[in-house]
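What follows is each chain in one-letter form.
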Amino acid sequence: MNHSIVLAGPAAETTRLVAYWILAIASVAAALGMVLARKAVHCAVLLAVVMLSLAVFYAMLGAPFLAFVQIIVYTGAVLMLFLFVLMIVGISAADSLIETIRGQRMWAALSGIAMLVLLSLVVGHAVIGSAAPASAKFGNGNVTGLANLIFTRYLYPFEITSALLIIAAVGAMVLAHRERLTPKPTQRELAEQRIAGGHPAPLPGPGTYAQHNAADMPALLPDGSHSELSVSAVLTFRTAEAPPELTGGTSEPGIAGPVAPSPTDSHETGEQ
Amino acid sequence: MVSPAHFIALSVILFVIGAVGVLVRRNAIVIFMSVELMLNAANLAFVTFSRMHGALDGQIIAFFVMVVAAAEVVVGLAILTAIFRARRSASVDDANLMKY
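For the record, the sequence lines run as chains A and B.
Everything in the first sequence is counted per this note's numbering, starting at 1 for the first residue and increasing by one.
Everything in the second sequence is counted per this note's numbering, starting at 1001 for the first residue and increasing by one.
Accuracy of the hints is not assured; some may be wrong.
To be clear about the criterion: a stretch of chain B counts as covered by chain A if any three or more of its residues have a C-beta under 8 angstroms from a C-beta of chain A, and this derived list gives those stretches [said to hold, decoys possible]: (1) 1025-1033; (2) 1038-1048.
Computed list of chain B residues with no C-beta within reach of chain A, every gap over 10 angstroms [what the hints assert, rightly or not]: (3) Gly1018; (4) Phe1084; (5) Leu1097; (6) Met1098.
These aren't lab readings, by the way, just hints derived from the structure by calculation.
Don't be surprised by glycine CBs; every beta carbon is placed ideally from N, CA and C.
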């Protein structure tokens, strides 16, 4: 179906205008939120909003192939790669708000405004005409037209692209590969290590107290103190950086006891 | 009537936001995301100009930009994980071995 034929007439123009303004405001707001959001995962989700809006813009501009490539490759593959790496790297990925270079934010904002003014002047002086009359190239024949160009005029760049992709894949493998420097521990060594470690029994499970059964709530020891051993170190890190009213925990009347018992203390009481 | 000028203006705004993001943020992954935002804004301009001139070349260039961006992300994120393994940090301030 050729959308440029289907979407014709004044009503279709109004539809396009409304869609443009809604998505333009949404994408600019999402982009601003991406720059301002502190947590990297929020940035990734907001970037997905921008990319999906851009896919709709491509479809409006008569580039259905690029619209789908945008959704499949960018939102599907590239952004998922970002999220994968965030899950590996980014547990502590909330940005610190301390400026390491004095006045950096102010200068960045100023240069951003200067760049906006400069680009606006350039665009304002340029003659941006109206769209070319609708043709099959921007509807039904889009993929055919692109294929014609790729395999004739842009054949060599396209072939070089394949070399680039191979180099990128090999480079990523080389960078992510890690040589094992020590021999793999055997089962006997692991068992001896565990006995020698002073804690042969399994660690206490989290959240055994009656009020909470969540994985981030520490188990209570018989004397009422928290067992630090029962909560994963990752969750401890996250709970420590969250505001205290969200974590529940020690401020609740149901849980009494020392706020932060040292690990050795809880360890000893746990052994009793 | 949505004219090409609308899309060009939007692409300018998105590009500037991405550039400010690169300058302001300290987390290397978010800096990468801002670079992606700038590439996307440039792509929008390419596609708009393609529609304006009635030729598909702009779309081809946008397609190549997407390919290069995908390759760049793969290598860049691999470097990031390698740096994170060595120094347990994703902040650009911590990778300062070559600082004079």
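Checked hints:
{"no.": "1", "hint": "1025-1033", "verdict": "holds (count 7)"}
{"no.": "2", "hint": "1038-1048", "verdict": "holds (count 5)"}
{"no.": "3", "hint": "Gly1018", "verdict": "7 angstroms, violated"}
{"no.": "4", "hint": "Phe1084", "verdict": "5 angstroms, violated"}
{"no.": "5", "hint": "Leu1097", "verdict": "16 angstroms, holds"}
{"no.": "6", "hint": "Met1098", "verdict": "16 angstroms, holds"}
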